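Asks: Single-letter residue listing:
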Amino acid sequence: SAVISQKPSRDICQRGTSLTIQCQVDSQVTMMFWYRQQPGQSLTLIATANQGSEATYESGFVIDKFPISRPNLTFSTLTVSNMSPEDSSIYLCSVDETGGSYGYTFGSGTRLTVV
Amino acid sequence: AQSVTQLGSHVSVSEGALVLLRCNYSSSVPPYLFWYVQYPNQGLQLLLKYTSAATLVKGINGFEAEFKKSETSFHLTKPSAHMSDAAEYFCAVRSGYSTLTFGKGTMLLVSP
Numbered sequence: 001s002a003v004i005s006q007k008p009s010r011d012i013c014q015r016g017t018s019l020t021i022q023c024q025v026d027s028q029v030t031m032m033f034w035y036r037q038q039p040g041q042s043l044t045l046i047a048t049a050n051q052g053s054e055a056t057y058e059s060g061f062v063i064d065k066f067p068i069s070r071p072n073l074t075f076s077t078l079t080v081s082n083m084s085p086e087d088s089s090i091y092l093c094s095v096d097e098t099g100g101s102y103g104y105t106f107g108s109g110t111r112l113t114v115v
Numbered sequence: 001a002q003s004v005t006q007l008g009s010h011v012s013v014s015e016g017a018l019v020l021l022r023c024n025y026s027s028s029v030p031p032y033l034f035w036y037v038q039y040p041n042q043g044l045q046l047l048l049k050y051t052s053a054a055t056l057v058k059g060i061n062g063f064e065a066e067f068k069k070s071e072t073s074f075h076l077t078k079p080s081a082h083m084s085d086a087a088e089y090f091c092a093v094r095s096g097y098s099t100l101t102f103g104k105g106t107m108l109l110v111s112p
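Note that the protein sequences, when read in sequence, are chains E and W. Just so you know, we're using this note's numbering here: the first sequence kicks off at 1 and counts up by one. Just so you know, we're using this note's numbering here: the second sequence kicks off at 1 and counts up by one.
I should point out that these hints are in silico values taken from the structure, not numbers from a laboratory. These figures come from a predicted structure and were not determined experimentally. Check each hint, because a few of them may be wrong.
If you anchor each label on the Cβ, the simulated ranges turn out as follows [as the list claims (entries may be wrong)]:
1) W:I60 <-> E:R15: 36 to 44 Å
2) W:L56 <-> E:T20: 23 to 31 Å
3) W:G16 <-> E:N82: 49 to 57 Å
4) E:F61 <-> W:V29: 35 to 43 Å
5) E:L73 <-> W:S14: 46 to 54 Å
6) E:T44 <-> W:E66: 37 to 45 Å
7) W:T5 <-> E:T30: 40 to 48 Å
8) W:S84 <-> E:C13: 44 to 52 Å
9) E:T113 <-> W:G16: 35 to 43 Å
Chain E side only, calculated, beta carbon under 8 Å to chain W, not exhaustive [stated by the list, open to error]:
10) S27
11) L45
12) N72
13) L73
14) F75
Cβ atoms here follow ideal geometry from the backbone N, Cα and C, with glycine treated the same way.
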């Protein structure tokens, strides 16, 4: 299965600033996803990152707050903009290698704390 | 629409005891079902998956799960718990080419 490198692994940021998270995959994949895991909670899909087009956002998530780039089939970034303490979460990149009956492969996540 | 319900936010077992983590799903079409494990400060690792082949699915680390359509369940079991099994477990469902939807997770605590 694909190997995903996610950077940074953790960060502590000041409120009002922005953080860009990078996700690098060792093979070309069509579908990449960004999830948020708030403290003690399950995973919530933020958006699907499409190569060559705008990301598709889930209800409750907007592009101004979470802009996403997908310049090629192996790389994506998620930016958390104008951060507040409520944005403190684990952000996970994932990929769907088979486009159907298989689960996603996940990166190790970015642990973000906003102070 | 699809959803997952995991019964019990925490499950405690003794080392060597049976592990049973419950998962019920809702899906309008035949689903694909998954169990993931998350160890502290790590990402998610796929334990096993059901993709419409055998209803009893074996995964890594001695875990297995049985798909029961009549009960819309996909419970995770392991005959004998090990201390290293302590982690959070997530059940997830996917209907066709939809995205993956996760349950709220169950924290497995293993005592010596």
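Asks: Taking the Cβ atom of S84 (chain W) and the Cβ atom of C13 (chain E), is their distance within the range 44 to 52 Å?
Replies: Because 33 Å falls outside the window, the suggested range is violated.
Asks: Is it true that the C-beta distance of T5 (chain W) to T30 (chain E) lies inside 40 to 48 Å, as the hint says?
Replies: violated, 30 Å
Asks: Are L73 (chain E) and chain W close enough, Cβ to Cβ, to be under 8 Å, as the hint says?
Replies: violated, 18 Å
Asks: Verify the CB-CB distance for T113 (chain E) and G16 (chain W) against the hinted window 35 to 43 Å.
Replies: holds, 38 Å
Asks: Restraint: F75 (chain E) near chain W, CB-CB cut 8 Å. Satisfied or not?
Replies: violated, 18 Å
Asks: Starting from the range 49 to 57 Å, see whether the pair G16 (chain W) and N82 (chain E) falls in it by beta-carbon distance.
Replies: holds, 51 Å
Asks: Go through the hint on L45 (chain E) and say holds or violated, using the shortest Cβ distance to chain W against 8 Å.
Replies: holds, 6 Å
Asks: Quick check on a hinted range of 23 to 31 Å for L56 (chain W) and T20 (chain E), using CB atoms only.
Replies: violated, 44 Å
Asks: Within 35 to 43 Å or not, the Cβ separation of F61 (chain E) and V29 (chain W)?
Replies: Once the Cβ atoms are compared, 25 Å apart, the range 35 to 43 Å for V29 (chain W) and F61 (chain E) is violated.
Asks: Under 8 Å is the threshold here; is the Cβ of S27 (chain E) close enough to any Cβ of chain W for the hint to stand?
Replies: This hint is violated: S27 (chain E) lies away from chain W, its Cβ roughly 17 Å from the closest one there, beyond 8 Å.
Asks: Please check whether N72 (chain E) passes as an interface residue: C-beta within 8 Å of a C-beta belonging to chain W.
Replies: violated, 21 Å
Asks: Using the beta carbons of I60 (chain W) and R15 (chain E), state whether their distance is inside 36 to 44 Å or not.
Replies: holds, 41 Å
Checked against the numbered hints given earlier, the structure breaks hints 2, 4, 6, 7, 8, 10, 12, 13 and 14 and satisfies all the rest.
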